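So the sequence lines, in the order shown, correspond to chains R and P.
Heads up: the first sequence begins at 425 in my numbering, then just goes up one per residue.
Heads up: the second sequence begins at 425 in my numbering, then just goes up one per residue.
The hints are simulated quantities; they were obtained by calculation from the structure and are not laboratory data.
Note that the structure is a prediction, hence the values are computed from the model and not measured.
Be careful, since some hints might not be right.
Just so you know, same-sequence chains aren't split out, so a pair can sit in one copy or run between any two.
The calculated lysine-lysine pairs, modelled on DSSO-like cross-linking and capped at a C-alpha distance of 27 Å, are [claimed, not checked]:
1. K457 - K587
2. K601 - K552
3. K624 - K482
4. K544 - K624
5. K544 - K482
6. K482 - K552
7. K784 - K563
8. K587 - K482
9. K624 - K563
10. K482 - K584
11. K544 - K847
12. K552 - K774
Number of protein chains: 2
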Amino acid sequence: MAPAAITPVSPPSPTLDNTSRLTKAGTITTLEKTISNGATVAELDASRLTITPNLNPKPVPAPNSPEVWSQSYTTDHMLTARWTEKHGWEAPEIRPYGPFSIMPTASVLHYATECFEGMKAYRGDDGKARLFRPDRNAKRFLQSATRIALPGFAPEEFLKLLKKFVGVEAPKWIAEKGSFIYIRPTMIATAAALGVQRPKEALMYIMMVMFPTLDDPSSRPPSVPTPGAPLSNGVTESKPVPASKGMRLCASRHDMIRAWPGGFGSAKVGANYGPSLVAQGEARARGYDQILWLFGEECYVTEAGGSNFFILWKNKQTGRKEMVTAPLGDGVILEGVTRASVLDLVRSGKLGDVDVTERKFTMHEVLEAHNEGRIIEAFGAGTAFFIAPVQDIHFRGTDLVLPLGQDDSKDGKKGDEFAMTIKGSLKDIMYGRWQHEWGCVIEEQTEMQYE
Amino acid sequence: MAPAAITPVSPPSPTLDNTSRLTKAGTITTLEKTISNGATVAELDASRLTITPNLNPKPVPAPNSPEVWSQSYTTDHMLTARWTEKHGWEAPEIRPYGPFSIMPTASVLHYATECFEGMKAYRGDDGKARLFRPDRNAKRFLQSATRIALPGFAPEEFLKLLKKFVGVEAPKWIAEKGSFIYIRPTMIATAAALGVQRPKEALMYIMMVMFPTLDDPSSRPPSVPTPGAPLSNGVTESKPVPASKGMRLCASRHDMIRAWPGGFGSAKVGANYGPSLVAQGEARARGYDQILWLFGEECYVTEAGGSNFFILWKNKQTGRKEMVTAPLGDGVILEGVTRASVLDLVRSGKLGDVDVTERKFTMHEVLEAHNEGRIIEAFGAGTAFFIAPVQDIHFRGTDLVLPLGQDDSKDGKKGDEFAMTIKGSLKDIMYGRWQHEWGCVIEEQTEMQYE
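The whole structure should be built from the sequences, with the hints applied where relevant.
Dropping the structure here:
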C-alpha cells in the first residue's frame, strides 16, 4: 500500500471544540451524497469543524515591516480539510500553522493539480472585522477546483469554514482599525501515485499571510527591491526609471501568451502562474511592475499581471466618458471579484455619468485614443494590488505615457481621480464606513478557549 | 525570517561516500558562476554527490502486481539537490526515499512552479543496465525548468547524477533480464512566500517508480479498472466496449484545448497536465484510453494523451506509404524522445520504403483518408505507453475504426505491423540486442557500501 499522501508533521492534538451536530439520540450526523456505485461519501461539512489551538503563538509584526514584505509571515493557525475518493470530505480542522509532510510522488508536485483563492479581511472603523463579497470567492474556488478535477463542495459550507477561521484569527491579527490581512484558500491533490489521472486524495487548506499595501508604493521599505532595480539573474536595467507615480505595464510579446479560448485562463489554477514568471521577471528587470497580457494578432488587451485592466477614455463616436474592460465569456480572463465590484459600482451611477462597456478591445485602439488625447486614465483592479492606477505602458518599442505619468502641473489633474474615487468607495465598504451588503461582518471568537 | 521551505523529515544521516573533488592542497573545489552583482553561486556539480544508504530497504514487488499498478511503489533511495538564489546549487545527495516537509506557502503548491521528466532504465539480455537517449531528457529537463523560471544547470552534470543514481538502484530493482523501471526527475520551487515571482529556492529530485507494461493490455490485473469501466464520479458508460486490441482515442472538444502557440505545450511542466484531467476522466469513463488533442477550428491533430501521435497512410497524391506526425516549432506539442527516435529510425530506411513527413494535418484529412481506405495504421509514441497502436478514434459523433480495430480475418493483416516493427527495433536497442549509440550502458554499484 502507498503511504498516506499527506499528513501533519506533528501528531494530532486533542480536540477542544468539536462542533459536530448531535442528533437527539446522540449520534453524529454528517452531510453525505450517494455516488454511482451506491456508496455514500461525506460532503464538506462545516459543522464537523474542530479547533486545536496553537500553544506557541507568534508576535504580530508591524505593518509594512520586512517580515510583512516577505509575504511569508503567516498567522498562528491554518484550516485543513482532507478528501479521499473513497470516503469524501473528512472533518475540517483549525490547527497550528506548520509544514505538511508530502510524498515526492504527490500529484500536486508533478501535474499542477492545485488551485487557490485570494481575499482579505479588514478591521473596520467601527471595530468590526469584515470580508468583501466572500461568496464570490467561494463560488470561484469551486469552479477552479473542478476545472482541474479536484473534488467539489458546497460553496456555502466553505464559506462557513472561512468565516469561522477568520473569526478565530481576526482578534489578534487585525486588531488595529484600518488593518487588513491576506487570506489564501488552497486546494492540492495529494495522492502519492504518478499516474496521470483524476486525483484520488486532496487537501483543502486556508491560511492567512501578513501582506503589504501593494497599492501604495510609498509603503515599500528600503530593503525591498523597487521596480527598476536590477535582478540577480544577470538581467540589468535598460533605461533609467522615473519616480513611480503608479503601475508601469509592459505589454506581452506575441510569442508569450498567458491564456487561450478553451484553456483555463478564467480559473484560479496554478497552471496560469508558473509559465508567466519568465515574462514577468524580464519586465521587472526592465523597470515595469506587471505584464499587460495581450492576445492574438489583433493584440487584444486581456489582463494586467494579477489584475483585471480598465481604461477610462472619451468614446471615439459619442465623445462621452466610457470605462472599458475585457469581457468574460471566452474563458481567457479571470472573473475578478474587484472587477465585478468596479463594474457594479460605476454602473450604479454613484460615481457620475460614465458609460460602462465590457468588450474586446485592442492595444491599437488604446494607442489611437492616446494619440488623439482621449485617454483619461487606466488602472488595474484585483485583490492583491487593489485599485492600481497605471502610469505608462510599453508596447513594442513605444512608451505610451498615460496622463498619470505626464507632467501634472498643467491643470492640476493627476490622472487617477476616477480610480481613486472607486478605491475610496470600495474601501468605505471594506472598512464599514459605508454600510453595504458587500461587506460581510465576521462573528469573532473574542476569547479563544485556550487563553 | 521564513522557515526553511523544504527539509527532509528525518535528520541528515552521516555521509558514507563523499566524492567531492579534493585539490592537492586538500580544499574542495566546486563549479561556480559569477552573477550580475559580482557574487558567485555554485553550479550543479555531480562530483559533490554524497550517498546515504537506506538501512530499511523494501522488497521488490512482482512485475505487474497490484503494487506495481499503483504507480506509487518507489525504490529505496532518491537523489536530491537543493538550490537557492543566494548560493546556487548545494551538494547533491542520494538518500533514503521518504516524504518532504513543505510549507503550505511554498510556490509549487500555488503557482505550478514544477517540471519533470519521464524515462526508463532497462536490464538487457546481456545483463547490462541501460538508459535510452538520456542526453535528450537532460536537455529537455533544462528547457522545461527555465520555461517556468526554475534554475538552470549543466545538462551533463544532471546526466552524471542520473547515471550514478541508476547505478545505485539498478542491481536490486531491475535485477531480472527484460525488466525495466520508470525514472522521474522532478524540479519544484520551494520558497515559502506567496508573492508571484521568480522562485528563490528550488529542489531537484530524482526517484524511481515500479511501472506496469502499459503498452500491453493483457498485463492489466483484474483489480485495475479497464478502460470502459464506469468511474466513481457518477459518469457511466455510454456504450458497450469491445475487447481492446489497442489504444482507443477520443478527440478533444473544441472548448477544451491542451496547448496553444506562445504557450508552454512543448515544455514538460505540471501546467500541461492538471487542466487536462477533466477531459481525460470523461474520455476514460466512456471507454477511451486517451484524449486525441486537437487544436483550432481546423482541428489540427497534435498529441494523444501523454504520447505523440503518428499515422501511416497511403499519400493521396503519390500513393506511397507515408508516416505523418505533427511538427515542432510552434511549441504546441512535446518534443518526445520516442517521437524523435521513431522519426530517425524510419528515416534511416531500415524499416522499408516509407516517406516521413512532419507537418500540420487535420482530423478532416484523417477522416478523408479513412473513407478512401488509405489508412494503414496509427500509433502513439511516448515513454510511459511506449509504442501503442491505435484501434479507433471518436471524433464528434463519428467512430473511426482503424484497421487494427476492424475484423482481422479478411487477409490476416492486423493493422499494427509497422508499429510493432518500430517497437521491436527500439526494444532491441533498449535491451542490448542491437548495439546502438542510443543505448547508454550504466556503470553499476554492484556492492553498496552498506551491504
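Outcome of the hint check:
no.: 1; hint: K457 - K587; in the structure: within (24 Å within a copy, 50 Å between copies)
no.: 2; hint: K601 - K552; in the structure: within (9 Å within a copy, 71 Å between copies)
no.: 3; hint: K624 - K482; in the structure: between (35 Å within a copy, 25 Å between copies)
no.: 4; hint: K544 - K624; in the structure: between (31 Å within a copy, 25 Å between copies)
no.: 5; hint: K544 - K482; in the structure: within (20 Å within a copy, 47 Å between copies)
no.: 6; hint: K482 - K552; in the structure: within (23 Å within a copy, 57 Å between copies)
no.: 7; hint: K784 - K563; in the structure: within (25 Å within a copy, 40 Å between copies)
no.: 8; hint: K587 - K482; in the structure: within (22 Å within a copy, 46 Å between copies)
no.: 9; hint: K624 - K563; in the structure: within (22 Å within a copy, 32 Å between copies)
no.: 10; hint: K482 - K584; in the structure: within (26 Å within a copy, 45 Å between copies)
no.: 11; hint: K544 - K847; in the structure: within (15 Å within a copy, 56 Å between copies)
no.: 12; hint: K552 - K774; in the structure: within (25 Å within a copy, 78 Å between copies)
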